[in-house]
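**Student:** Read off the chains here:
Protein chains: 2
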Amino acid sequence: MRAVKIAALQLALIFLIVLPVHALNVEVASFKLANGMQVVVIPNNRAPVVTHMVWYRVGSADEVSGKSGLAHFLEHLMFKGTTKHPPGEFDRFIDINGGEGNAFTTRDYTAYFQRIASDRLALMMELEADRMQNLVLTDENVLPELSVVREERRERTDNDPSALLSEQIDAAMYTAHPYGKPVIGWMSEVAKLTREDAMAFYRAHYTPANAVLVVAGDVTPEQVKVLAEKYYGVLKNTFTPEPRLRTAEPDPIASRRVTLVDARAASPVMQRSYLAPSYATANGREALALDLLADILGNGTQSRLYKTLVVDQKIAAHAAAWYSGDQLDSGTFGVYGAPNPGADVGKVEAAIDVILADVLTNGVTQKELDRVRNQAIAERVYTLDNQAALARMAGVALTTGLSARSIFDRDIDIEKVTLDDIRQAAEKYIVLKRSVTGILLPETQTQN
Amino acid sequence: MRAVKIAALQLALIFLIVLPVHALNVEVASFKLANGMQVVVIPNNRAPVVTHMVWYRVGSADEVSGKSGLAHFLEHLMFKGTTKHPPGEFDRFIDINGGEGNAFTTRDYTAYFQRIASDRLALMMELEADRMQNLVLTDENVLPELSVVREERRERTDNDPSALLSEQIDAAMYTAHPYGKPVIGWMSEVAKLTREDAMAFYRAHYTPANAVLVVAGDVTPEQVKVLAEKYYGVLKNTFTPEPRLRTAEPDPIASRRVTLVDARAASPVMQRSYLAPSYATANGREALALDLLADILGNGTQSRLYKTLVVDQKIAAHAAAWYSGDQLDSGTFGVYGAPNPGADVGKVEAAIDVILADVLTNGVTQKELDRVRNQAIAERVYTLDNQAALARMAGVALTTGLSARSIFDRDIDIEKVTLDDIRQAAEKYIVLKRSVTGILLPETQTQN
Numbered sequence: 017m018r019a020v021k022i023a024a025l026q027l028a029l030i031f032l033i034v035l036p037v038h039a040l041n042v043e044v045a046s047f048k049l050a051n052g053m054q055v056v057v058i059p060n061n062r063a064p065v066v067t068h069m070v071w072y073r074v075g076s077a078d079e080v081s082g083k084s085g086l087a088h089f090l091e092h093l094m095f096k097g098t099t100k101h102p103p104g105e106f107d108r109f110i111d112i113n114g115g116e117g118n119a120f121t122t123r124d125y126t127a128y129f130q131r132i133a134s135d136r137l138a139l140m141m142e143l144e145a146d147r148m149q150n151l152v153l154t155d156e157n158v159l160p161e162l163s164v165v166r167e168e169r170r171e172r173t174d175n176d177p178s179a180l181l182s183e184q185i186d187a188a189m190y191t192a193h194p195y196g197k198p199v200i201g202w203m204s205e206v207a208k209l210t211r212e213d214a215m216a217f218y219r220a221h222y223t224p225a226n227a228v229l230v231v232a233g234d235v236t237p238e239q240v241k242v243l244a245e246k247y248y249g250v251l252k253n254t255f256t257p258e259p260r261l262r263t264a265e266p267d268p269i270a271s272r273r274v275t276l277v278d279a280r281a282a283s284p285v286m287q288r289s290y291l292a293p294s295y296a297t298a299n300g301r302e303a304l305a306l307d308l309l310a311d312i313l314g315n316g317t318q319s320r321l322y323k324t325l326v327v328d329q330k331i332a333a334h335a336a337a338w339y340s341g342d343q344l345d346s347g348t349f350g351v352y353g354a355p356n357p358g359a360d361v362g363k364v365e366a367a368i369d370v371i372l373a374d375v376l377t378n379g380v381t382q383k384e385l386d387r388v389r390n391q392a393i394a395e396r397v398y399t400l401d402n403q404a405a406l407a408r409m410a411g412v413a414l415t416t417g418l419s420a421r422s423i424f425d426r427d428i429d430i431e432k433v434t435l436d437d438i439r440q441a442a443e444k445y446i447v448l449k450r451s452v453t454g455i456l457l458p459e460t461q462t463q464n
Numbered sequence: 017m018r019a020v021k022i023a024a025l026q027l028a029l030i031f032l033i034v035l036p037v038h039a040l041n042v043e044v045a046s047f048k049l050a051n052g053m054q055v056v057v058i059p060n061n062r063a064p065v066v067t068h069m070v071w072y073r074v075g076s077a078d079e080v081s082g083k084s085g086l087a088h089f090l091e092h093l094m095f096k097g098t099t100k101h102p103p104g105e106f107d108r109f110i111d112i113n114g115g116e117g118n119a120f121t122t123r124d125y126t127a128y129f130q131r132i133a134s135d136r137l138a139l140m141m142e143l144e145a146d147r148m149q150n151l152v153l154t155d156e157n158v159l160p161e162l163s164v165v166r167e168e169r170r171e172r173t174d175n176d177p178s179a180l181l182s183e184q185i186d187a188a189m190y191t192a193h194p195y196g197k198p199v200i201g202w203m204s205e206v207a208k209l210t211r212e213d214a215m216a217f218y219r220a221h222y223t224p225a226n227a228v229l230v231v232a233g234d235v236t237p238e239q240v241k242v243l244a245e246k247y248y249g250v251l252k253n254t255f256t257p258e259p260r261l262r263t264a265e266p267d268p269i270a271s272r273r274v275t276l277v278d279a280r281a282a283s284p285v286m287q288r289s290y291l292a293p294s295y296a297t298a299n300g301r302e303a304l305a306l307d308l309l310a311d312i313l314g315n316g317t318q319s320r321l322y323k324t325l326v327v328d329q330k331i332a333a334h335a336a337a338w339y340s341g342d343q344l345d346s347g348t349f350g351v352y353g354a355p356n357p358g359a360d361v362g363k364v365e366a367a368i369d370v371i372l373a374d375v376l377t378n379g380v381t382q383k384e385l386d387r388v389r390n391q392a393i394a395e396r397v398y399t400l401d402n403q404a405a406l407a408r409m410a411g412v413a414l415t416t417g418l419s420a421r422s423i424f425d426r427d428i429d430i431e432k433v434t435l436d437d438i439r440q441a442a443e444k445y446i447v448l449k450r451s452v453t454g455i456l457l458p459e460t461q462t463q464n
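First to last, the protein sequences are chains A and B. Just so we're aligned, residue 17 is where the first sequence starts under my numbering, counting upward by one. Just so we're aligned, residue 17 is where the second sequence starts under my numbering, counting upward by one.
In case anyone wonders, no lab produced these hints; they're calculated from the structure. Don't take every hint at face value.
Because identical chains share one entry, a pair is satisfied inside a single copy or across any pair of copies.
To be verified - Computed cross-link-like contacts, DMTMM-like style, restricted to lysine to aspartate or glutamate with a CA-CA straight-line distance of at most 20 Å:
| id | residue 1 | residue 2 |
| --- | --- | --- |
| 1 | K100 | D176 |
| 2 | K449 | D176 |
| 3 | K208 | E265 |
| 4 | K449 | D278 |
| 5 | K449 | D174 |
Computed from a predicted structure; not experimentally measured.
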């Protein structure tokens, strides 16, 4: 018994010390095929499985005005079959080989992935390479999918008041930059998307030189290179991707408020976003400082917002803060508060403002910084231990202006963040004129 | 003396009765040239002068994302000379012929006009037709003009807090539709405009079939036809204009607030815009009802807002309301209040909300309606008596989805507007979730 305890204690100690080092030990191999397709390999042979992902450097922020939702719509249509493989075969092959697969679209990228036994990697590559160029779309399979996407929007957004609020906050946040439109698209525009739109978008953005192949798991870079050359290397690159020119968001000059009154809302909510830099656009350690500040303010029950509003003042049922920095052009810093039943959402917002003002004046403490820093590093260790997560991190990095190495080595910089870094970042970005405050109200009389 | 008085009285009486009829007596001739260019002639031979205008069905709402300000920039560049006429000659010819000219750009159209002795009309046509297709742009004359436009933005917008507020209100009003971007453009985008951008926009939008010629004044339709055929008719149409597809603005679901704190602001201001139909998109008499309601609420010292806030409550230095309906895709209904020195802008907004709520509940009175209706018709008579105004009205109509006839005959419909029309329009559009409220504050502490 005792021995075990000690062992556990030693383990814990070693654990704490070893973490940062361990976190740095992600092996990454990266190379390009002749057709311009980038390849990243993250070997990890604990289990005989691989995660195979193809990322395209295109997302909703690359859609032309009036075609919102097109990037995501095409993601759905990529499963509709090719000249070689009829509709449905893609998913069936994954199933009968015991794999799982899916796809996702964001503002900056569209990604397709499968997790499967490593000896089936070749098949996945054959299928993924095939649909990069041989997609076949007919009105018969496109039009029903449009209904699916519209239903998806209804379920996820139109029937969810808090999702509608976030959408309205984003729309108010960006006056010129395309991040202001929802990835799923405005219903009025989604409803008008056509097969021609999808094919044009496909031809304009899906080509080897605009794609990134990420393979993580039980493979060697050499094995991947051979297979990648065989299946992706043979594809002819159809165009040279141009730099992704999204218009710059003018520096914010006015604080904005969005009030959404929705009878379906269970209770009032206050949510505020500040326009901030992303990891790709930040200077120095700004992004990391905002990331850690978000943890100090609103990640978990030890955070300032939660302790003050929920535990001490008992005016809120929940309170949180976050930083979203994995984007190409900009990020956001957010705070959130849900009042207790009967409590006033205005009170909650005022309390949050007091806490933010205090951070701007007095900064945060070394104790707080150390706490969240250790948390962050510990969490990363678990993340970096997950094959699919590693693949995803690499893909995000390479489609949002970063290198895979930089995202895996983030720990090194986390160690360097100082109290001054955090205070400077807060002073620069936690400024009301950079923000949109969203208020969700269940009843009408309280509006405005 | 006495006789004169009576005469004056009779005149006044006749005047009041004759107005509507008189207002309907605008003679308009309209025809198309073989190349698709539309021509409108409004004869008026009181003075030997003509107003010559060429309108293009393109404005800032037709710019691609990221190129805001391009339509207006091109308007400036249209004076930079052609293959036939060196830079400066256009303005010089107008000067030495005793004329005056200018140009303007809005969201929906770009227009060029000259007012000159009628016997010089041919020269104006020669110059205007020439620059429709023979514009010559060089970096030497484009780049300096870009500085001019940037300075124009600095003067008119960046150095004017209330202009900045309006710009921010528009940006928050439109989540998808291009009316959300300023006609002058975002500085960050204007600064990047190039000669190539301007030439591409010129080639894509400036052609006879996308233009409207309007001539008002001392000419007959026959004379204009002969000249138009000679100067504009010979131009080869370079492309068939496509329908102007701007993405539809989703139905507003959340009220928005914009707070701009600017030390340069003399005093606080409250300004609110509601998304409303335009004359082109309105059903039935909606637009006219909103137009008259705006007059009842906030046009002049007899209006509800002014009487209540400025005269009775003495909390505001100024208060007004307006309706902007001369746009292709949508219009706005606006209210405005500037508190007295020391008074609270929140009080002013609250007082305005009380007045709006009263209109929604009780509507307006027949007396109010008759008053503003007679005012509107009287004002129109003076407008319709102005040659340049007539030409402008015709141009606006034909570039915003209306006919010249419809705009001149608006009086007929004004006569028909009922109290129910006004109440229904108010109930439908004066709704907080359709609105953006802008607050301008001189100092910081009062923010949010």
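**Student:** Could you run down the list of hints and mark each one as holding or not?
**Tutor:** We went through each hint and held it up to the structure:
1. For the homomeric pair K100 and D176, neither the shortest alpha-carbon distance inside one copy (40 Å) nor that between copies (62 Å) is at most 20 Å.
2. Within a single copy, K449 and D176 get their C-alpha atoms only as close as 28 Å, which misses the 20 Å cut-off; across copies the closest is 17 Å, which meets it.
3. Taking the closest pair of Cα atoms, K208 and E265 come within 20 Å of each other only across two copies (13 Å); inside a single copy the shortest separation is 27 Å, beyond that limit.
4. In this homomeric assembly, K449 and D278 come within 20 Å of each other (Cα to Cα) only across copies, at 11 Å, whereas the closest approach inside a single copy is 26 Å.
5. Only between protomers do K449 and D174 lie at most 20 Å apart by alpha-carbon distance; the minimum there is 16 Å, versus 28 Å within a single protomer.
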